[in-house]
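Listed here are the chains, written in short residue letters.
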Amino acid sequence: MTTTISAQIPTPANSYEAGKPVMTDLNGQTLLCLRTLAEENPASLETYIKLGGYSALKRIVSEKTKATDIITQVKTSGLRGRGGAGFPTGLKWSFMPRYFDGVKYLVCNSDEGEPGTFKDRDIIRYNPHQLIEGMAIAAYTLGARVGYNYIHGEIWQDYEIFEAALHEAKAAGYLGENLFGTNFCFDLYAVHGYGAYICGEETALIESIEGKKGQPRFKPPFPASYGVFGKPTNVNNTESYASIPWIMQHGGEAFAALGVPNSGGTKLFSVSGHVGKPGNYEVKMGTPFTELLEMAGGVWKGRKLKAVIPGGPSTPVMPASAIMGATMDYEGLSKARSSLGAGSMIVMDETTCMVKALHRLSYFFYEESCGQCTPCREGTGWVYRVITRIVNGKGKMEDLDLLTDVSNNISGRTICALGEAAATPVLSFIKHFRPEFEYYIQHGKSMVESQIDAVVDGKAEPK
Amino acid sequence: MLNIEIDGKALEVEHGSTIIDAADKAGIPIPRFCYHPKLSVAANCRMCLVQVEKFNKPLPACATPVADGMKIFTRSKSAIEAQKSVMEFLLINHPLDCPICDQGGECDLQDIAVAYGTSGSRYTEEKRVVFNKNIGPLVSTDMTRCIQCTRCVRFLKEVGGMMELGMVGRGEHAEITAYVDKSVNSELSGNIIDLCPVGALTSKPFRYSARSWELTRRPSIAPHDGLGSHIEVHVKDNKVMRVLPREKESINECWLSDRDRFSYEGLNSPDRLKVPMIKHNGAWVETDWKTALEFAAGQIKDITNEHGSEALGVLVSPNSTMEEGYLAKKLADGLGCGNVDYRLRQTDFRLDGKRQGTPWMGINIHEIEELDRILVIGSNLRNEHPLLAQRFRKAVANGAELSVISPLDNDPLMDIAHKVIVRPNDMVNVLGQILKAMSGLQRLSLCLPASLNQLLEEIKVRPNTQAIAESMAGHGKDYDLVAPKVGIFLGNMALSDPRFTEMYSMAEAIGGISGAKGGILPAAANSTGMHMMGVMPSSTGMHARAMLEVPRKAYLIVNIEPELDCQHAALAKVAMAKAECVVALTAFKSQALENADVLLPIAPFTETSGTFMSMEGRVQSFTAVAKPLAECRPAWKVLRVLANTLGLQGFDYETSEQVKEAIFSGEKPSAVVWRSLNNNLKELVEIQVNIKHDGLQRIGEVPQYESDPIVRRSPPLQKTKYNIKPMARMCASQLEVLGLVEGDNVLVKQDKGSAVLTVKLDNHVAKGCVRVAAAHEDTIGLGDLMGDITVEKLSVEQLQAHTKASMEARA
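Residue numbers (the working numbering), protein chains in the order written: chain A, -16 to 446; chain B, 106 to 916.
Because the hints were derived from the structure by calculation, they are not lab data.
Here a beta-carbon is modelled for each residue, glycine too, at the ideal position from N, C-alpha and C.
It is possible that some hints are incorrect.
[Stated by the list, open to error] Keeping only pairs whose Cα atoms sit at most 27 Å apart, straight-line, the calculated DSS-like set for lysine-lysine is:
hint	chain 1	residue 1	chain 2	residue 2
1	A	428	B	238
2	B	406	B	379
3	B	159	A	196
4	A	196	B	406
5	B	379	A	195
6	A	414	B	162
7	A	202	B	159
8	B	189	B	353
9	A	339	B	232
10	B	130	B	406
11	B	232	A	377
12	B	379	A	196
13	B	262	A	202
14	B	238	A	196
15	B	159	A	318
16	A	379	B	238
17	A	414	A	428
18	A	202	B	499
19	B	499	A	195
20	A	214	B	130
[As the list claims (entries may be wrong)] Examples of chain B residues lying across from chain A (beta carbon under 10 Å, computed):
hint	residue
21	154
22	158
23	169
24	194
25	198
26	200
27	221
28	222
29	224
30	233
31	236
32	271
33	279
[As the list claims (entries may be wrong)] Far from chain B, some chain A residues (derived; all Cβ distances over 10 Å):
hint	residue
34	33
35	76
36	181
37	203
38	395
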């Protein structure tokens, strides 16, 4: 996985003016979730407050804004779940029981573990207070007393940054008991995972918070009625929560207007792979792919684009021809027969062997299956072994149909969505690049690599 | 009620049922592995996927609640495709070793594979191998066969009460395992063998000894505790090969305790007595039935003629059948002898003649789980009633508050709301406190007899007993109940206590105030039946204890090993040694029967017909599942012929059914039982509540795998961790008082007897007590199970001298 930090930060240009939407133009980006990025100490409370941070929370809590009004704003904003599924956030919030005798919980899913996904860590690293404010607003709206931010187990520094931000926020009176002199109380904790991909699945994440082995629960019941410790729980992605303060500051319509119909606001794209400047890019929903690619420095070394996985390995791979005309939003990518996912864009140039790329991806899903339910536990291993055999030059032509069939049998028959996630790359790679697979099976070697005859500076160059 | 349709069949089902419930009720088969109606739903095997109208994906029938108007298709193309694909996945890593797998022939995976599998596999890669685990002497593992359904994990956690197995590792590396280096120690562990849908968990004792289709399955009743579990005995070539539970929802559900499941190995013990034997000049001589019976009858006759009929004592095991007990009693009556008893482990007989009827558990077994408040007095539930304990566990899981008064703080593997752990002697006072607190709470002190009120005056109520009283009265941790369903139960430690009368009277009074159901939890298979038939001394006769305290000239003992089965081992040993003649009806040769003069080989429960009456008053008859071994004969026949040989009248029974008929005088057993069961006392017995007594007290528990002669001879049960040598177990503060440390050797003394034991730290024992297990050869020199005891530290020299002396004595 690429571990690039965000794009280079130029000299800060502070365009803050009270009352105006705060968006720092950074290399053509529209910074909203990362709005502190251009500042000197982006993660500090001071910086965040300077940019108008916590004002929305303070206003809402002090004015005792009605929860229904907030939910209406969120619905208007067109904000959809940024974790990958794209479920409308406002609608999800309306599922939380209003009147419940007992503690309700709020959970932030910062457990991004899919290859090529590294956006939430930048929010935590550069703008933790916006996430905290977003969660506090959500807690106020949904009546949650306790919140957890579940942070992926493989990122340590960012966990510490978030912990520090929690202390800052608490000391400043944005978290804790009787906030702003009202009876609103909200305690927020950071939970560090152990690095399992499956814990990014919301019910496995809940199990993990409870101290159990991370395994998805069968749904229904959904977390809104049976979540952490069996209590009503709202789970959203980091980026979703981080969008809330802006929405509450500027209104749902302003947020919706940033994007395109059905895809409001901005989106963070983690661009990795064969590009000049890999990193996170926050752009308006509906930005053409070509623009985003250009922002990320274009395909490196002047090579040709071969394929793109637009939203993380669990979204279907798209050949260059399909993605070149696409816009980066839910509907734009769905029309192009893929999906936005978590915005984890993996760019592959013409030297990429699709058989080996799939081999690596299938290994990931094989190793990350939780093993709870049969199709995924058995199927991911089967798929991985067959592809391994092909890569080792021992493939058979019927293996391609077998792979398709096995993947179809995993998909839709498992407890959680990992089944689909594991099947999607196999199905889409074989669908779009079948000749490459056939070549590999027939010749026992990679078609792409066979075409490379020169090795310059240790890097493969196309013929 | 909801209206749904499964495979075109219109059904009306209850709100909240799942698709699989509805289908099962309607007899529509849906394949499944992980689903079990008694366990939580895991939905992990995915075998039960079905098509539901308006859903684009197949849904698991086990986890999908039905909704009104739902249309379900279990055999549609989409459903079958899903089921077949899951079947294929399950089989790719499953070894094809059915021919050498013990599960073969009774394997869910095998059966369902016939319906949903294909003849060949598309999987050509290497198969997964999982190393086997050693989880103890009862359950054998072949973990490569495991399909990760987690039924075993869920059973041990939810029914057994402790999560002794779990799934470690992820994905294909996931495997079921116990904690590092730990075995599965649940006393219900054998049930995971039945639950395992494949051959991953099989019976270790049964392993490789027969194929399931070679076995004849015959129903019977479990003979080791008062539950009366229904069992199915599997027999091959007249040999019992294994025992499985027979489903009986109201008694054992679909479970069986390990004791009932694995005791059968004792039936095939080399100790089995095959021919009658007579002691001739101090040596055992094999003989035939006629000689043996004539010898026995002659001896009994001679002694009773010479010393009077009261010179005979008849002791019957409470694990014997009703027929056997009835005939033993009738035989004694015929001889004019009133010394008959089955209550071998009781010291306090003050309630004799004061009862209104037969004491029983006072409630039906399945009603336990509906109780709101439970008080258990003097019982180590898991040890005494392993499967019954599970019903209590269910009650607690349903929200019941459990209070415990006991000298032992053993973990029952369920939440205890309140507990008082005190010396047995102080339990009476604690009950007095509860009674006082309750009468205060309910303002019912006027209802108590004046004498009792006066006794209570001296008692001071402590906060912990106040809490129990409040719990019984309906006050609760979470919410209060107006009229809670209360159950009060007295266990083995109370039944064996010299102050049982006090405990019983108090419990009865508390029960009266709180409107409780409940009673005693008798230990043996037929205790209640024996009591109902009056296998007890006549008004002038001697009870079991007196017969040993004042030794008789002759004894007729049925199905017991005196030193191991009696309350006072030392007394029993001496009494048998002193007697001129001991006639023993026994299934086993035994060191404990060395003092007998005639051994008559009787058939254990598998080789005879008979009837047990369970603790809930259920009369259950069973037939022999195998022919008697060699010269063994059913005990009822032996008693009958012995009576004939003694020249007694009225012993013309041809079948055990005729004996049963006589027991119930031709009436319906349930009618007789209904009339007889009654826990109330006719009058209040004179009791004392405030006896000050500071000496050390023994807690002489009978370990569950030492409870009767069959169990004691079952090698697999003897290999479990419950089979530990008796030790002098005391809590830390008690050790400090005595200046002892763990590992010291001590001489423990009771009455005139003694035993040399090692000291063991056991903080589950109340202060002022020494826990010394009974029914073991190391402790047969000791006295009462619950009684005074002294402990002396032995120096190395003293220990050597002692060992030498005992070696010489043995030689």
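So, going through the hints one by one against the coordinates:
{"no.": "1", "hint": "A/428 / B/238", "result": "violated, 42 Å"}
{"no.": "2", "hint": "B/406 / B/379", "result": "holds, 26 Å"}
{"no.": "3", "hint": "B/159 / A/196", "result": "violated, 33 Å"}
{"no.": "4", "hint": "A/196 / B/406", "result": "violated, 73 Å"}
{"no.": "5", "hint": "B/379 / A/195", "result": "violated, 56 Å"}
{"no.": "6", "hint": "A/414 / B/162", "result": "holds, 22 Å"}
{"no.": "7", "hint": "A/202 / B/159", "result": "holds, 17 Å"}
{"no.": "8", "hint": "B/189 / B/353", "result": "violated, 33 Å"}
{"no.": "9", "hint": "A/339 / B/232", "result": "holds, 23 Å"}
{"no.": "10", "hint": "B/130 / B/406", "result": "violated, 63 Å"}
{"no.": "11", "hint": "B/232 / A/377", "result": "holds, 18 Å"}
{"no.": "12", "hint": "B/379 / A/196", "result": "violated, 56 Å"}
{"no.": "13", "hint": "B/262 / A/202", "result": "holds, 22 Å"}
{"no.": "14", "hint": "B/238 / A/196", "result": "holds, 21 Å"}
{"no.": "15", "hint": "B/159 / A/318", "result": "holds, 24 Å"}
{"no.": "16", "hint": "A/379 / B/238", "result": "violated, 38 Å"}
{"no.": "17", "hint": "A/414 / A/428", "result": "holds, 19 Å"}
{"no.": "18", "hint": "A/202 / B/499", "result": "holds, 26 Å"}
{"no.": "19", "hint": "B/499 / A/195", "result": "holds, 23 Å"}
{"no.": "20", "hint": "A/214 / B/130", "result": "violated, 32 Å"}
{"no.": "21", "hint": "154", "result": "holds, 6 Å"}
{"no.": "22", "hint": "158", "result": "violated, 16 Å"}
{"no.": "23", "hint": "169", "result": "holds, 9 Å"}
{"no.": "24", "hint": "194", "result": "holds, 4 Å"}
{"no.": "25", "hint": "198", "result": "holds, 6 Å"}
{"no.": "26", "hint": "200", "result": "violated, 14 Å"}
{"no.": "27", "hint": "221", "result": "violated, 13 Å"}
{"no.": "28", "hint": "222", "result": "violated, 14 Å"}
{"no.": "29", "hint": "224", "result": "violated, 17 Å"}
{"no.": "30", "hint": "233", "result": "holds, 8 Å"}
{"no.": "31", "hint": "236", "result": "violated, 16 Å"}
{"no.": "32", "hint": "271", "result": "holds, 8 Å"}
{"no.": "33", "hint": "279", "result": "holds, 3 Å"}
{"no.": "34", "hint": "33", "result": "holds, 45 Å"}
{"no.": "35", "hint": "76", "result": "holds, 25 Å"}
{"no.": "36", "hint": "181", "result": "violated, 7 Å"}
{"no.": "37", "hint": "203", "result": "violated, 8 Å"}
{"no.": "38", "hint": "395", "result": "violated, 4 Å"}
This entry does not satisfy hints 1, 3, 4, 5, 8, 10, 12, 16, 20, 22, 26, 27, 28, 29, 31, 36, 37, 38, going by the numbered hints stated previously.
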